[in-house]
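Q: Using the sequences and the accompanying hints, generate a full structural model.
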Amino acid sequence: MFPMQRRGFILGSSALLALGAGPKALAQPAPAMTPHEKELYEAAKNEGGELTWYTAHSDDITAQALGRSFESLYPGLKVNVLRTTAQVAYQRITQEIKASAIQCDVLSSTDLGHSVELKAKGAFEKYVPENSSKVLDIYQGYDPDGYYFVTSAGMIGIGYNTAKVKEADAPKNWTDLLDPKWKDNIALGHPGFSGYVGTWALTLRNQYGWDFFEKLAKNNPRVGRSINDAVTMLNAGESAIAGSGPVGTLLDSLKKGNPLAMVYPTDGTVLIIAPSSIMKGSKHPNAARLFMEFLMSEGASRIWVEHFTESIRPEVSPSEGAKSAKDLKIIRPTVAEITKGVPEVIKQWRETFGV
Amino acid sequence: MTDNSIDGRTIHFSGVASRLKRLDASMLLWLALIAVLAFLVLNPVLRLIISSLQETDTGRFTFANYRVAYGNIRHLQALANSLELGIGVALLATCFGVPIAWAISRTDMPGKAFVRLMVFAAFVTPPYLGAIGWILLAGPNSGWLNKIWMALTGAGHGIFNIYSMTGLILVIAVTSFPYTFVFTSSALDLVSSEMEDAANILGARTLRTTLRITLPLVTPAIIGGIIISFLEAIALFGAPALIALPARFNVVSTQLWQFFEYPVRVEEAAAYAMPLLAITVLMFWLQRRVLGRKGYTSVTGKGGERRMIALGPWRWVMLGYALLVCALSVFLPMLVLLQAAFSKAWGRGFSIDNLTLHNFYYLLVEQTQAKQTIFNTFAYSAVTAFAAISLSLAIAYVVNRKLVPWSNVLAFLCVAPFVVPGIVLAIGFYAAYAPPPLALYGTATILILGFTTRFLPIAYTSSAAGLRSINPEMEEAVRILGGSRLLAIRRVIIPLLKKSLAGAWILVFIPATRELSSAIFLVGPNTRVISVMLFDLSEEGNFEVLSALGVILLIATVAIAGIGSKIIGRDFMLRRNS
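Chains A and B, in that order, are what the protein sequence lines are. Okay, so the first sequence: first residue is 2 according to the numbering used here, each after it adds one. Okay, so the second sequence: first residue is -7 according to the numbering used here, each after it adds one.
Hints may contain errors.
Claimed, not checked - As a list, the in silico BS3-like pairs of lysine-lysine whose alpha-carbon atoms are at most 30 Å apart:
{"no.": "1", "chain 1": "A", "residue 1": "K219", "chain 2": "B", "residue 2": "K139"}
{"no.": "2", "chain 1": "B", "residue 1": "K336", "chain 2": "A", "residue 2": "K256"}
{"no.": "3", "chain 1": "A", "residue 1": "K165", "chain 2": "B", "residue 2": "K336"}
{"no.": "4", "chain 1": "A", "residue 1": "K46", "chain 2": "B", "residue 2": "K363"}
{"no.": "5", "chain 1": "B", "residue 1": "K363", "chain 2": "A", "residue 2": "K284"}
{"no.": "6", "chain 1": "A", "residue 1": "K257", "chain 2": "B", "residue 2": "K139"}
{"no.": "7", "chain 1": "A", "residue 1": "K182", "chain 2": "B", "residue 2": "K139"}
{"no.": "8", "chain 1": "A", "residue 1": "K256", "chain 2": "B", "residue 2": "K139"}
{"no.": "9", "chain 1": "A", "residue 1": "K135", "chain 2": "A", "residue 2": "K79"}
{"no.": "10", "chain 1": "B", "residue 1": "K336", "chain 2": "A", "residue 2": "K257"}
{"no.": "11", "chain 1": "B", "residue 1": "K336", "chain 2": "A", "residue 2": "K79"}
{"no.": "12", "chain 1": "A", "residue 1": "K182", "chain 2": "A", "residue 2": "K330"}
{"no.": "13", "chain 1": "B", "residue 1": "K363", "chain 2": "A", "residue 2": "K257"}
{"no.": "14", "chain 1": "B", "residue 1": "K363", "chain 2": "A", "residue 2": "K79"}
{"no.": "15", "chain 1": "B", "residue 1": "K104", "chain 2": "A", "residue 2": "K256"}
{"no.": "16", "chain 1": "B", "residue 1": "K139", "chain 2": "A", "residue 2": "K167"}
{"no.": "17", "chain 1": "A", "residue 1": "K281", "chain 2": "B", "residue 2": "K363"}
{"no.": "18", "chain 1": "A", "residue 1": "K324", "chain 2": "B", "residue 2": "K336"}
{"no.": "19", "chain 1": "A", "residue 1": "K184", "chain 2": "B", "residue 2": "K139"}
{"no.": "20", "chain 1": "A", "residue 1": "K167", "chain 2": "B", "residue 2": "K336"}
{"no.": "21", "chain 1": "B", "residue 1": "K139", "chain 2": "A", "residue 2": "K165"}
Derived from the structure by calculation, the hints contain no laboratory data.
A: Rendered as structure tokens:
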């Protein structure tokens, strides 16, 4: 160990001398940085070497993994990862805009409606990442003006606790959730917090009308905040069914050894398209641009699939045990429906569920 | 608290002429202090009231915000829920706190030191952390208590449901009863046994004496405790967000939070916050009215002998009750939090292969924010405690020595934040200081200023009490011998008050480390504190990491408080040495 250390020290110190960077210079150099990325990287180092990323794309663990990966690709840059639900991220952003003190550099939401709204308010900086033309076709071209881009996608199905529910008894489609046998045993997120849940509720409203939720409320579901709350409730055995079951978090949790199983409903798995943008007034615009490139890179998609979230790049196939959106029956609303519909759904939700 | 009996001596010693000469200098000081207080207390509250009457975009005068805020049956229901919550918590906290205070301060109950330590532990525990502990304990299907119940009885359902109003009341009461305890026990410590003896001689037994003589004598303290726990309960945000939402009801604080969702409606939030403000002002007014009519002068600082009442076998019953309360507030929640903090998946229970240190490793190594967050929490709390105490000591001195006219106004402003719930204060602070010209959003300054205001009443009450205990004669001796007032303060007052100031420092420091309701609106990405991070973690149900962070917070707080108590050489919070 010791001789290694010494050699490492010599190597490291010469590397430090050469690069003039911090100790992270010892990490692996980026595999083939494009000239554009290199340019952004150099500029980013000169503007303070850090950026703040508000993300609702995933749970904290996945978000941190992405942040660390970015830091090791671009030594000397630091990412402040702030994982919250989409509505909380939106609330913070609007507070910052009102106070004219933008702290966030890159905003990754799960509610496309927020992006449409914030773009209209002029809150975003225009930037078209080079990688934006390299993602899967279905994730391209959401904003032709170049203010927001799809950087992540995830699916919502139904999860259940295998210790409490046999496979044969498990719900097969969304309307099975209305069966009275699941009374007191369904866990849900809250559209007033989670962007995923907002889009999910909207999709099911499109499919079955609000009546579906009136009936669901009779089963007295446990309403949490984040969509990931539902997985926690399953792990704990507090609920048997995750009515809004985020595929990524569920499979990740299954891998950890929790007794879970995933159902892709026969009437359609809900696909969530999650956008990112650079904030206007960002104090680290180059780091932010570089980060946008990173989010749409192959490397980021590899981390996504490791944590069972959809890959947005054609080169990266899903992890073992996970199904990809392209092999499933998918349901999802349009951007226009989301912009108009999610606030409506939140209101209806509060009336129906009381919170 | 604002009771400042006129100290005639100061006037007597300083002649009219010198008083006039001094007026200019002290007038400046008075103005400076009032400016600071206006900045910290008056302006945010006024801004809140004004913005509740303004149109969102134009700023024109309107009542529309009130119409929207109260024109919804769910909003009114939330108000009613908050009242129910506050009353429930106040009553339960009294049932917990008062008997234990009595047993410790007046009887020969065994194990007093231990019980006192546990009450302290309950004081250090943030309510939202207690709430998480209780979710793990009494979740209807998965809580440990319910699992044990089902295993014992073979029942298909648990008997406890934490996701209910009763559950919420219990969770908040077990973390706020230390207020009732401290208020009552410090008052009981000052009641001498003479009146109890008189009752005994006239034939009353212990129970009757206690209920008819002892406890009535400390009514003001008990009422103070009731009011504080009521206010705590209605202003809390974290515990209701964790428990009330899944239980499918709202309270005022969670409803207030909704006004900050898409689209943000600060003005409606301000309008909706008004009843909270009105209720608290009313409570304090009532307290004055109720207490003003009777004399409680038997509570004197000195003289009179205190003897412990011999309870006989009942002392074990009292100990049992005290331990039950400790179990509800400390042992049980701590046990499950520790289990979660050291486990891979808490649902898998107590087993060796489920043990891990990874949650701590994740926080301290992998998660880049946690270290900064932990540092922020203790740094901000320490600075807050210094700021609050320096300011309140200066004001207490001016008030106590009657250096300026109308000094009671200053005293009033210092304790006024008591009547502003944390979440409301934060909204006011945000409205007043986040935007330009000060543009304090996302800075450490706004958090520290917010915390300082929030805890100014605690700091002021402690400093004023300390100062009142010092006879001005000593200072006057310095002045007669030609020393300046500043010299007197530096060489006489501060050294004499060292211990009680250190005690006050800890009393501000601890609640600052656990403060959530005002922090949540004032933090930026680089100024996060542990309470806010815990809240974010709870949002995605990450109980293992969350518990680990909670454990770190508790250990660090207890360590700092422990060192503090060692330095000042006494149990700062639970015993008052007169």
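Q: For every hint, state whether the structure bears it out.
A: Against the structure, the hints:
1. Only pairs whose Cα atoms come within 30 Å are accepted, and K219 (chain A) paired with K139 (chain B) is accepted, the gap being roughly 26 Å.
2. Distance hint between K336 (chain B) and K256 (chain A) is fulfilled; the C-alpha atoms sit about 12 Å from each other, no more than 30 Å.
3. Restraint check: the Cα-Cα separation between K165 (chain A) and K336 (chain B) comes to about 20 Å, which is no more than 30 Å; the hinted pair holds.
4. Between K46 (chain A) and K363 (chain B) the alpha-carbon distance is near 23 Å, which keeps this suggested pair within the 30 Å criterion.
5. Annotation: proposed proximity of K363 (chain B) to K284 (chain A) holds, straight-line Cα distance about 23 Å (limit 30 Å).
6. With a C-alpha separation of about 23 Å, the suggested pairing of K257 (chain A) with K139 (chain B) holds against the 30 Å cut-off.
7. Pair hint K182 (chain A) plus K139 (chain B) holds up; C-alpha atoms about 21 Å apart against a cutoff of 30 Å.
8. Restraint check for K256 (chain A) and K139 (chain B): satisfied, since their Cα atoms lie roughly 25 Å apart, inside the 30 Å limit.
9. The straight-line distance between the Cα atoms of K135 (chain A) and K79 (chain A) is roughly 26 Å, inside the 30 Å bound, and the hint therefore holds.
10. A hinted pair counts as satisfied when its Cα atoms are at most 30 Å apart, and K336 (chain B) with K257 (chain A) qualifies at roughly 8 Å.
11. At most 30 Å may separate the alpha-carbon atoms for a hinted pair to count; K336 (chain B) and K79 (chain A) meet this at roughly 28 Å.
12. About 26 Å separates the Cα atoms of K182 (chain A) and K330 (chain A), which keeps this hinted pair within 30 Å; it holds.
13. For a cut-off of 30 Å, the pair hint linking K363 (chain B) to K257 (chain A) stands: about 26 Å separates their Cα positions.
14. A C-alpha spacing of about 14 Å is found between K363 (chain B) and K79 (chain A), which places the hinted pair at or below 30 Å, so the restraint holds.
15. Restraint check: the Cα-Cα separation between K104 (chain B) and K256 (chain A) comes to about 49 Å, which exceeds 30 Å; the hinted pair is violated.
16. For the proposed pair K139 (chain B) and K167 (chain A), the alpha carbon gap of about 21 Å is at most 30 Å, so the pair holds.
17. A hinted pair counts as satisfied when its Cα atoms are at most 30 Å apart, and K281 (chain A) with K363 (chain B) qualifies at roughly 29 Å.
18. Among the hinted pairs, K324 (chain A) with K336 (chain B) is consistent with the structure: their alpha-carbon atoms are about 26 Å apart, no more than 30 Å.
19. Proposed proximity of K184 (chain A) and K139 (chain B) is supported: the alpha carbons are some 19 Å apart, at most 30 Å.
20. The hinted pair formed by K167 (chain A) and K336 (chain B) meets the criterion: a straight-line CA distance of about 25 Å does not exceed 30 Å.
21. Under the criterion of a C-alpha separation no larger than 30 Å, the hint pairing K139 (chain B) with K165 (chain A) is consistent with the structure, at around 14 Å.
The structure fails to meet hint 15 from the earlier list, while all remaining hints are met.
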